[in-house]
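Visitor: Line by line, the protein sequences give chains X and H. Quick note on the numbering used here: the first sequence kicks off at 1 and runs consecutively. Quick note on the numbering used here: the second sequence kicks off at 1 and runs consecutively.
No lab work stands behind these hints, which were simulated from the structure alone. Small disclaimer: the values here were computed from a predicted structure and weren't measured. All C-beta atoms, glycine included, are put in the ideal place defined by N, C-alpha and C. Fair warning: there could be bad hints in the mix.
[Claimed, not checked] Some chain X residues near chain H, calculated using beta-carbon distances under 7 Å:
id	residue
1	D5
2	L148
3	A155
4	A163
5	S166
6	L215
7	G250
8	A279
[Unchecked claim] Simulated coverage check for chain H against chain X, where a stretch passes if three residues somewhere in it have a Cβ under 8 Å from a Cβ of chain X:
id	stretch
9	20–33
10	242–253
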Amino acid sequence: MRPVDSPTYARSLHPGAWWLWALGLAAAASRTVNPVLLALLVAVAGYVVMARRSRAPWAYAYGAFLRLGLVIIAVRIVLQALLSSQSQGIHVIVDLPEIPLPAWAAGLKLGGLVTWEAVLIAFSQGLQLATIICCIGAANALASAGRLLRTVPGALYEVGVAAVVSLTFAPQLVADAARVRAAQRLRGYDGRGVGGLRRTAMPVLEGALGRSVELAAAMDSHGYGRSSPVPGTTRRLTSALVLGGVLGVGIGLYGLLDAGVGGLFGLPILGLGVVLAAAGLVAGGRRTNRTRYRPDPWALPEWLVAGSGVACAAVMFVVAARYPAAAYPAYPLAVPSVPPLALVCMLVGLVPAFAAPPPPDRLPTATSPGSKRKGTHAEEIW
Amino acid sequence: MTAAVPPSDGEPLIRLSGRSAVVLAAVSLIGLVAYSWPFFVDPGAALDTSHSGDAPWFFVVLLPLLAAVVVAELSSGGMDAKAVAMLGMLAAVGAALRALGPGAAGLEPSFIVILLGGRVFGRGFGFVLGALTIFAGGIVTGGVGPWLPFQMFAAGWVGLFAGMLPRWRGRAEVAALAAYGVVAGLAYGALLNLWFWPFAAYSPEVTYVAGDAFGANLHRYLVFWATTSLGWDVPRGVLTATTLVLVGRPVLGALRRTARRANFT
Numbered sequence: 001m002r003p004v005d006s007p008t009y010a011r012s013l014h015p016g017a018w019w020l021w022a023l024g025l026a027a028a029a030s031r032t033v034n035p036v037l038l039a040l041l042v043a044v045a046g047y048v049v050m051a052r053r054s055r056a057p058w059a060y061a062y063g064a065f066l067r068l069g070l071v072i073i074a075v076r077i078v079l080q081a082l083l084s085s086q087s088q089g090i091h092v093i094v095d096l097p098e099i100p101l102p103a104w105a106a107g108l109k110l111g112g113l114v115t116w117e118a119v120l121i122a123f124s125q126g127l128q129l130a131t132i133i134c135c136i137g138a139a140n141a142l143a144s145a146g147r148l149l150r151t152v153p154g155a156l157y158e159v160g161v162a163a164v165v166s167l168t169f170a171p172q173l174v175a176d177a178a179r180v181r182a183a184q185r186l187r188g189y190d191g192r193g194v195g196g197l198r199r200t201a202m203p204v205l206e207g208a209l210g211r212s213v214e215l216a217a218a219m220d221s222h223g224y225g226r227s228s229p230v231p232g233t234t235r236r237l238t239s240a241l242v243l244g245g246v247l248g249v250g251i252g253l254y255g256l257l258d259a260g261v262g263g264l265f266g267l268p269i270l271g272l273g274v275v276l277a278a279a280g281l282v283a284g285g286r287r288t289n290r291t292r293y294r295p296d297p298w299a300l301p302e303w304l305v306a307g308s309g310v311a312c313a314a315v316m317f318v319v320a321a322r323y324p325a326a327a328y329p330a331y332p333l334a335v336p337s338v339p340p341l342a343l344v345c346m347l348v349g350l351v352p353a354f355a356a357p358p359p360p361d362r363l364p365t366a367t368s369p370g371s372k373r374k375g376t377h378a379e380e381i382w
Numbered sequence: 001m002t003a004a005v006p007p008s009d010g011e012p013l014i015r016l017s018g019r020s021a022v023v024l025a026a027v028s029l030i031g032l033v034a035y036s037w038p039f040f041v042d043p044g045a046a047l048d049t050s051h052s053g054d055a056p057w058f059f060v061v062l063l064p065l066l067a068a069v070v071v072a073e074l075s076s077g078g079m080d081a082k083a084v085a086m087l088g089m090l091a092a093v094g095a096a097l098r099a100l101g102p103g104a105a106g107l108e109p110s111f112i113v114i115l116l117g118g119r120v121f122g123r124g125f126g127f128v129l130g131a132l133t134i135f136a137g138g139i140v141t142g143g144v145g146p147w148l149p150f151q152m153f154a155a156g157w158v159g160l161f162a163g164m165l166p167r168w169r170g171r172a173e174v175a176a177l178a179a180y181g182v183v184a185g186l187a188y189g190a191l192l193n194l195w196f197w198p199f200a201a202y203s204p205e206v207t208y209v210a211g212d213a214f215g216a217n218l219h220r221y222l223v224f225w226a227t228t229s230l231g232w233d234v235p236r237g238v239l240t241a242t243t244l245v246l247v248g249r250p251v252l253g254a255l256r257r258t259a260r261r262a263n264f265t
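Given only the sequences and the hints, what does the whole structure look like? Please build it.
Guide: Here's what the structure looks like:
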């Protein structure tokens, strides 16, 4: 067993594994509107984030996504209560005064009867979307975008470098803006109004543009962007793969949208198009031949974390198929039932809290030599 | 490379070859379907949502691959260090603007960077710049989600069409850009509501009905747009246009100056 296979060896997990796990949880949430199961999924994602997040700036994203989820639920409940025109139940909470709207609003009304059923259905549906958002927030908090960008296919190499450049310089630009504003304040400008905006924005922009010229000169002098000569056959093959893939996706979509053709025709052609396009991406990567410095390993913990997400989604698909009454409760006022199999799904989703290695910057300094190294923000992103 | 000519307006930083243009047009068409499919799906077709609510997620999965294909295709003509550095730096400016004013009343200050970048450095560059700005902004603000590919495509189109505006100079250029800014702000909002509209179950009069007639769904969507997001889209368009009128000329001048200075190969 290599050291990277151990769940206690402190290192950053491969970001792809975190994304697979989070997408698995999101897929599980898409299979149910049972509020108990959805709340459990949010709790599972939150627990794993708390257990395995690093001290990097993006590690606090989960809270923002949680707030966004609460906003989604609140907006949905308020709109449902204000706009719903059919009475969806018999348990009335309140009878709001009704405001008639003009004819172009097609019978839309404001106010009227608000029932418990309508509010609770809106809550469950809002909670489902909020849970999916929270799962994605967990991936944002756990996976380093910079490390994920290092794994882009060769065909996207130049744009990947541009993305890393922008991620490295964006925080510096915010600092630049603060510096320019401070300088303007020393000169007696208060930095407000249109003139203030111009006096702050233009120096920051000019600075950024100047830096881009310097960066381009530095990259050019280091031999950046020398692509290897590609034989004509490879170029033609790439063309054929990309064009064929796009054509296949287009025809397949047409098949999926048209009732006369039927999904049996559309789906295979779409799949073929997706495979061709992906092959075109790989073939297009031939023009940049470069090696990767210290690639992130894909070891046992990565398999466990990614497998946990996939298994969680699979179990929830089984639950939705076998216990439809629990996955989609018909009567919103009753306490929803929770089948034991759904709890297995939650436990499977919790596996990364123990199977993933702890991030190197969360350990006490005595046990980890890596935590003594001070990393700048730019280094973190790279 | 023999880039003796400065990459100013006559010389786009990312050259659109015939093949790239075909792929860009085809993928844009598919992207448009990914937004507007609720209007075109037949009752009983495989993507009909009346028996399963998964059709919107299908496009969420498909669009990132398409975005990767089109961006790889646009950069396959050879992106030199200048294009990469300029792209990264302008995307950084846009991402920082997004981080500073995240969605306050739907205002999108990074639109100005995308618009002017596309105008000065060409349509291919504009498309990649729009997509990359949204991507980097999403990562900086920790906002990577199912909405990201849709935003990337819409912002890419904002930059693409900015590069196709008529080649006027002076006041006429700024006026055309400002008028385009209003249109782009409104169109961006109208397109972006579409991706989550099939999820939104608020009230029968504004909700998507799977398999209903094109006109009926379109009317419901327009009511939905007018009642929910128009109040954000109008300020976005107006603010973009106002800012362009105020700072358009100096920023255009700065971008063109940099394009001349970067002529060192």
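Visitor: A separate judgement is required for each hint: does it hold in the structure or not?
Guide: Hint check:
{"no.": "1", "hint": "D5", "result": "violated (29 Å)"}
{"no.": "2", "hint": "L148", "result": "violated (9 Å)"}
{"no.": "3", "hint": "A155", "result": "holds (4 Å)"}
{"no.": "4", "hint": "A163", "result": "holds (6 Å)"}
{"no.": "5", "hint": "S166", "result": "holds (4 Å)"}
{"no.": "6", "hint": "L215", "result": "holds (4 Å)"}
{"no.": "7", "hint": "G250", "result": "holds (6 Å)"}
{"no.": "8", "hint": "A279", "result": "violated (11 Å)"}
{"no.": "9", "hint": "20–33", "result": "holds (count 7)"}
{"no.": "10", "hint": "242–253", "result": "holds (count 4)"}
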